[in-house]
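> So the chains spell out like this:
2 protein chains.
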Amino acid sequence: MSAEIICIGTELLLGDIVNGNAQYLAKQLARLGIPHYYQTVVGDNIERIKQAIAIGTSRSQILIFTGGLGPTPDDLTCEAIASFFDTTLEERQEIIEDLQRKYSARGRVMASSNRKQALMPQGAEILYNPTGTAPGIIWQPRSGITILTFPGVTSEMHRMWEETAVPYLQNQGWGKTVIYSRMLKFWGVAESTLAEKVNPYLNLSNPTVATYAGKGEVKLRVSAKAENSELAEALINPVTQKIQNIAGLDYYGADKDTLASVIGVLLYQRGETLAVAESCTGGLVGKMLTDISGSSDYFWGSITAYDNRVKQELLGVTSQDLETLGAVSAVVAEKMSAGVRLRLGTTWGLSVTGIAGPSGESNNKPIGLVYIGLASSQGTISFENHFGASRDRTSIRHLSACTALDILRRELITTKY
Amino acid sequence: MSAEIICIGTELLLGDIVNGNAQYLAKQLARLGIPHYYQTVVGDNIERIKQAIAIGTSRSQILIFTGGLGPTPDDLTCEAIASFFDTTLEERQEIIEDLQRKYSARGRVMASSNRKQALMPQGAEILYNPTGTAPGIIWQPRSGITILTFPGVTSEMHRMWEETAVPYLQNQGWGKTVIYSRMLKFWGVAESTLAEKVNPYLNLSNPTVATYAGKGEVKLRVSAKAENSELAEALINPVTQKIQNIAGLDYYGADKDTLASVIGVLLYQRGETLAVAESCTGGLVGKMLTDISGSSDYFWGSITAYDNRVKQELLGVTSQDLETLGAVSAVVAEKMSAGVRLRLGTTWGLSVTGIAGPSGESNNKPIGLVYIGLASSQGTISFENHFGASRDRTSIRHLSACTALDILRRELITTKY
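Protein chains in written order, with my numbering: chain A, 1 to 417; chain B, 1 to 417.
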């Protein structure tokens, strides 16, 4: 038994909107443990919608539609469904009354085009829309096939799903098992390297382990299927623990954790404070740190020294450093971190200076060369990074900021003061 | 002739990510005037991928795949394609060499699992990935069918599409009528207000005008269909000109313009410089300004004074201001802007101080209260904003940063010094 999501709307085919409805329904199906192997997007065209229904009914038992329930002539979902299952549409008086009530509550008169929204396939159960005008249906047009329709408006769809569809599906005996996932997050390791290290776990069947990578980060999703979330967690916990042990410091957190939130917890626990000096990242490190509510407990502030004069006047970099070594150098990174730490009076000073491109490269300093400095009462250290001239400005800046945070994270975990 | 988008990845079926790749490709196909009637999402399962190919080839002539090109065992796109078209995979030496070059440039050694990414169907043309490790293919496995594959990583996919796939498709004679769009961007006006002002233009048929809104910004997409982009532009230009005249200062730019890029052009033309003092935005304003390559010409730097001590020591805010008025006040915003301007020696000083939430509200200062200060040789001014306690931290920070940039933009346009 599996479900298929069919999203209807030419705006999806034109790329005017992203398909957030499919993501929402996919998550919901996973949570209910209802398998789901296909999603289809099709435009406002009756023959193509019917073709999608033909394919869907050949491979799935529950078809979930979004979109195409409005009052305009290009809203064709109900018509296509009725035609495919060879039945007629009938006007439902209770929908007409519901619509008239809603319009009069808003001090308006129902437009005659809204009558279209009361036309439903014979025998279909109405799925009321508490907030909008487009009702949906739940219908078993033939044995083994269940149809659910929802409007494309996200907030209406969510409420109808949660209040009506979920209880219905559970009453039918579906959604008795749950799929529970934990996303493990890693920084400073390549996807292929991590996959080799945890290779035995990639072939498990329950829980399953899958790798993801993007923007310099590697993730492993550990998913278990069980009768309830406690049992699923009991399947997941030993596996995530073993993977974390194998990954060591490359593992930084799970689910909603970010590098910045993990650093926040560590600094807070240690009762320590942080100041940041940025050049090529221009404020991005500070932005990431202050994405976390409560970060004022440990993040005191930052100096973005985009111009070299600011590096000199506020951070203690000397004109000699800039002339002989250049702004993108280990020494300047270290002085920036020490300078901002001293100036703001914090436990730690963290700095980034590099060439984010696409311009700014020089003879022996390529785009993607980034130095990170870290200062504490124990002195300063610096780290040289080569993020590659083939990467774009946004990627290099993102990698630079995350790598700086990751360096501090590793230092906070491994050092005791 | 039509194209079909097939996105591969269990993470899409689990709802872990939203299908932004489908939206991007849909937009691109519309721009090229290539019809596209279906999108399919399928998991990392070879039989189901082959089934999607069977359906796709029965109704579309161009199949565009994203995802499933990585080095791990669940990356099955190439294998499924080769198997469906009854050919074998062969290791391409040139890909191995490219991968080795990329790894050694980053000071790493290629894992043996990466060799999998060099396995391509016999006869397929390689679509090189300039930024990542997963190459794609362009292949005509049989007459009338063209296959394109792209990695799921968005930035890599975009670059490969633009640099390689678009020229290829156009060489093949596809994309002969173009849909050409210009996205007009507005700040500081509600969608409904703008829609009323430009109402007559919303009913045109070529070009069409559609409104979009999100994250405080309003956009109008003006799209024309024509034989080439010059003819399409000739349809678009008079309409966009009239809309810009109606919108006045609320219009800030088009397409890739951002508030920060528009400010950059204005400052550069005036030969002026900018420094920023941030509190609740924590670096976001600086990050936005330095998203623009070349911003070092006019953006000298910023001080993020997250802790009140930093506001006092570096920005000239007094302890009396903080005690009597509080850090979130018009006076502190003005002093921060004047302080950073003085400290960094720039033409303009721009500041933001506010309560981004979810904590931090006080008796008469609600979440969403944000003051913006602007300092120049003419003195300082401040602006009080109420972004609303119902908004979340991310939205309030984004609105704060954009509004600060917009205030400077309006000042730069309307004042002459």
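The hints are simulated quantities; they were obtained by calculation from the structure and are not laboratory data. Where hints are given, some of them may not hold.
The list treats identical chains as one, so a pair stands whether inside a single copy or across any two.
[As the list claims (entries may be wrong)] Using 30 Å as the maximum straight-line C-alpha spacing, the simulated DSS-like pairs for lysine-lysine come out as follows: (1) Lys116 <-> Lys219; (2) Lys27 <-> Lys219; (3) Lys256 <-> Lys215; (4) Lys27 <-> Lys215; (5) Lys27 <-> Lys50; (6) Lys197 <-> Lys27; (7) Lys176 <-> Lys416; (8) Lys185 <-> Lys215; (9) Lys176 <-> Lys242; (10) Lys242 <-> Lys365; (11) Lys242 <-> Lys116; (12) Lys116 <-> Lys197; (13) Lys116 <-> Lys365.
> Are the hints correct? Go through all of them and say.
Hints versus structure:
1. Only between protomers do Lys116 and Lys219 lie at most 30 Å apart by alpha-carbon distance; the minimum there is 20 Å, versus 44 Å within a single protomer.
2. Proximity of Lys27 to Lys219 under the C-alpha cut-off of 30 Å is found in both arrangements, the shortest distances being 16 Å within a copy and 29 Å between copies.
3. For a Cα distance limit of 30 Å, the shortest separation of Lys256 from Lys215 qualifies both inside one copy, at 16 Å, and across copies, at 22 Å.
4. Taking the shortest Cα distances, Lys27 and Lys215 sit within 30 Å of each other both inside one copy (21 Å) and across copies (23 Å).
5. Taking CA atoms no more than 30 Å apart as the test, Lys27 paired with Lys50 passes in both settings, with 26 Å inside one copy and 25 Å between copies.
6. In the homo-oligomer, the alpha carbons of Lys197 and Lys27 lie at most 30 Å apart inside one protomer (27 Å), although the nearest pairing across protomers, at 39 Å, exceeds that limit.
7. When the C-alpha separation of Lys176 and Lys416 is checked against a cutoff of 30 Å, the pair qualifies neither within a copy, at 47 Å, nor between copies, at 66 Å.
8. Taking the shortest Cα distances, Lys185 and Lys215 sit within 30 Å of each other both inside one copy (12 Å) and across copies (28 Å).
9. In this homomeric assembly, Lys176 and Lys242 come within 30 Å of each other (Cα to Cα) only inside a single copy, at 29 Å, whereas the closest approach across copies is 56 Å.
10. Taking the shortest Cα distances, Lys242 and Lys365 never come within 30 Å of each other, neither inside one copy (41 Å) nor across copies (48 Å).
11. In this assembly of identical chains, Lys242 and Lys116 lie within 30 Å of each other by CA distance solely across copies; the values are 27 Å between and 55 Å within a copy.
12. Only between protomers do Lys116 and Lys197 lie at most 30 Å apart by alpha-carbon distance; the minimum there is 17 Å, versus 57 Å within a single protomer.
13. Proximity of Lys116 to Lys365 under the C-alpha cut-off of 30 Å is found in neither arrangement, the shortest distances being 58 Å within a copy and 33 Å between copies.
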